[in-house]
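S.K.: Spelled out, the chains give:
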Amino acid sequence: MRLLHLFLVFSLLSVLALGGGNSILPEMRYMTVNRLNWLTDAQFRSIYSLGQVVPGPNMLMVLVIGHQLAGWLGMAVVGIAFFVPDFIIALSINRLWIRLGGWPWRMSIQRGLAPVAIGLMISGTYTIARLSLVNVTTVVIALVVLAILLWRHINPGILVLAGGAVCMLLSR
Amino acid sequence: MDTETQAPNATSERNLRPSLLKIFRVFVSAGGLSFGGGAVAYLREYIVREQGWLDDEGFLGAMEISETVPGLIAVNMSVIVGDNLRGVPGAIVAVLGMLLPGSISVMALAILYQSNNSNPDVRHFLLGIAAAAVGLLATVAVQLGRRQFGKLPDAAIVAITFFAVSILKISLPVVLVTLGPISVWLYRPSASPERQPGEHLPFHRGPRHHLFRR
Chain A
4 MRLLHLFLVF
14 SLLSVLALGG
24 GNSILPEMRY
34 MTVNRLNWLT
44 DAQFRSIYSL
54 GQVVPGPNML
64 MVLVIGHQLA
74 GWLGMAVVGI
84 AFFVPDFIIA
94 LSINRLWIRL
104 GGWPWRMSIQ
114 RGLAPVAIGL
124 MISGTYTIAR
134 LSLVNVTTVV
144 IALVVLAILL
154 WRHINPGILV
164 LAGGAVCMLL
174 SR
Chain B
173 MDTETQAPNA
183 TSERNLRPSL
193 LKIFRVFVSA
203 GGLSFGGGAV
213 AYLREYIVRE
223 QGWLDDEGFL
233 GAMEISETVP
243 GLIAVNMSVI
253 VGDNLRGVPG
263 AIVAVLGMLL
273 PGSISVMALA
283 ILYQSNNSNP
293 DVRHFLLGIA
303 AAAVGLLATV
313 AVQLGRRQFG
323 KLPDAAIVAI
333 TFFAVSILKI
343 SLPVVLVTLG
353 PISVWLYRPS
363 ASPERQPGEH
373 LPFHRGPRHH
383 LFRR
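The listed protein sequences correspond, in order, to chains A and B. For the first sequence, the numbering used here begins at 4 and goes up steadily by one. For the second sequence, the numbering used here begins at 173 and goes up steadily by one.
Derived from the structure by calculation, the hints contain no laboratory data. Keep in mind the model is a prediction, meaning the values are calculated, not measured. Treat the hints with care, since some could be wrong.
[To be verified] Computed footprint of chain B on chain A, listed as stretches where at least three residues anywhere in the stretch have a Cβ under 8 Å from a Cβ of chain B:
(1) 49-61
(2) 142-149
[Stated by the list, open to error] Simulated restraints, written as ranges between beta carbons of each label pair:
(3) F335(B) to L39(A): 22 to 32 Å
(4) I276(B) to R175(A): 24 to 34 Å
(5) W75(A) to P325(B): 40 to 50 Å
(6) A79(A) to K341(B): 27 to 37 Å
(7) I101(A) to R360(B): 15 to 25 Å
(8) N291(B) to D44(A): 26 to 36 Å
(9) S362(B) to I157(A): 38 to 48 Å
(10) V349(B) to I101(A): 22 to 32 Å
(11) K323(B) to A79(A): 18 to 28 Å
Cβ atoms here follow ideal geometry from the backbone N, Cα and C, with glycine treated the same way.
Looking at chain B on its own, in the form it has when it is part of the complex (with noise of 0.2 Å):
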């Protein structure tokens, strides 16, 4: 992630206990004008530039937990700088303005499709969505895999995840039950002590932030 400065206004006029409608304002406007899954690169615009309420330390502190813990990255970012904000009501606001904007459009399509879906240009149409939306998932692999393959643990657990989940079709929770605590263990605490902070996660200043940065 880059790490250009605050704008200058943000740390003077940052208040660490905004009102409930502010924190909701902010997070309508991130899930508002985020396309194309960059809702995290938007968050950080509005939470560290704009508001200052978190310092880019901050931030990438809360990714490490929101890409630790299950759920969309984006909801858990909404949780924890709502929570720290304000508490459980912070935490609960921030997460509906995050999801509101998309909840109400992506609804209001699936009417449209729903009394469309014979039609072969609205087939044809969201075939190529998902066709596009591979090429930026696979984006994001190749990105993240440039950091992650090189190394021969992480390369060996991503294959066998792989292999596992889409070839041998073991079901998911078998997959995290037995990979899950195999992986932890082989980054146990004494097996590697001369790591360096920062350099764990691969997705806080991965390709998503890159992507779609402005």
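So that you can see chain A by itself, here it is in the shape it has in the complex (with noise of 0.2 Å):
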């Protein structure tokens, strides 16, 4: 039963991620922490933080959210579940795409989808920000990486690491 609902929710995340991983964070902690009871806030945060030191895309997140969840089998479930429907869109749309060329609408698509995919991505920093910064030392690491990144071309993963270790030194 468990198994089957994480199915049906990461399938449904993953045709819901417009403009990338970013955008369906709000309605994945929604999912998993309110609605479903499936993990707290704590949890969701920490698992999220562990997405972003691995390389590759940082949604490989939800491979330990279906872990946590349910085992291996429950990995397995959720990684079919959230690659799968998008493997089948894009690879359909890559295949459609030329011929679409003369189409009109084909740009007003991708024109109309660009600043909701923005929206998205915004309330997605906006949820990460409300679990994660709690007290000044989280604030000042968000806003020294934010300067940092604004002024100069850093390997971001660096950036990370070094919040992640600030953070525990000043908390001791």
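Mind docking these for me? Both chains are given alone in their own frames, and the hints should help you get the complex.
M.R.: Structure (structure tokens):
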């Protein structure tokens, strides 16, 4: 039953991820924390953070949620639910795309969905900010990372790890 | 996105029907070396500059599709590039390669975390990571916003979307099926015929690539 539930939730999230994974963070938190009581906010935040320090796409955190809730089978179910629908959609649209080249609505869809995707991305940022900016230290870490990245192109992976180290040392 | 010329040997040695193993290896490299969400920049490095499987224009075309369809952009890119090179099997090995290094790492960390989650140092370390990630996400938002907030319909749609999801807490499916069509309608084909190709997508020349440019 839980496996079916995991499958349904993550396949829905999969098809809602307009403009990338950050768009679905508010919905994922709502579903897993508030609606289904699978995780606490602190667990959700920690799992999000685990996803930030590994290579590749950031949203591999979904595998950890599946594992936490239903073991290795849960991880496999979430992996399939989260990646297969998008795989099929991307593959189909890729094959249609060239044929849609002369269709005037193709550009309208592309152009119209872009600001919605940006709004969702900002909502994702807001969700993580509400969960993680809990004291002066964390607010300062976020602002310093923002300032550094606006000023210089630095590999953000290094800054993310540094943020973790600073928070750990200052909280001792 | 910057437009340096391809490595000189890229075009002469390019093989547009690479083996599945070769595709897998290239995507494992891109998936395994990109930290902090820069997988797309690494893909460009490998696919355009090193392998010559796509030129810059082809890469941007694949990015357009990746950003318009749902899903993680780096994964969608893997599907499209893999499909264009070797069809469905190519797409499958590309996605598996992109996801494999991160999946193994994140599960290893998850198991470590599950046995140490009462350790305050671990909890504070992860809290700091989330806080730093907010700085990173905000950077992307600011840089996208610089391009997008100047124009009124765009800025309004961005603001309404944020307000609907984060303040009114309307569920995402409802937001997408209402605001999506409205926004597409605002950019309907007859609305602004003078648009230039290439200025449309907020992401593809956007900050992600600049952030991770090496």
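S.K.: Each hint needs a verdict: does it hold in this structure or not?
M.R.: Hints, verified against the model:
1. 49-61: With 13 residues closer than 8 Å to chain B, the region 49-61 of chain A meets the three-residue bar; holds.
2. 142-149: Check passed, 7 qualifying residues.
3. F335(B) to L39(A): 22 to 32 Å: holds, 25 Å
4. I276(B) to R175(A): 24 to 34 Å: Hint holds: Cβ distance 31 Å, inside 24 to 34 Å.
5. W75(A) to P325(B): 40 to 50 Å: At 47 Å between Cβs, range holds.
6. A79(A) to K341(B): 27 to 37 Å: The hint (27 to 37 Å, Cβ to Cβ) holds, given that A79(A) and K341(B) are roughly 32 Å apart.
7. I101(A) to R360(B): 15 to 25 Å: Given range 15 to 25 Å: holds, Cβ gap about 22 Å.
8. N291(B) to D44(A): 26 to 36 Å: Violated - the Cβ-Cβ distance for N291(B) and D44(A), about 19 Å, lies outside 26 to 36 Å.
9. S362(B) to I157(A): 38 to 48 Å: holds, 45 Å
10. V349(B) to I101(A): 22 to 32 Å: About 27 Å separates the Cβ atoms of V349(B) and I101(A), which means 22 to 32 Å holds.
11. K323(B) to A79(A): 18 to 28 Å: violated, 44 Å
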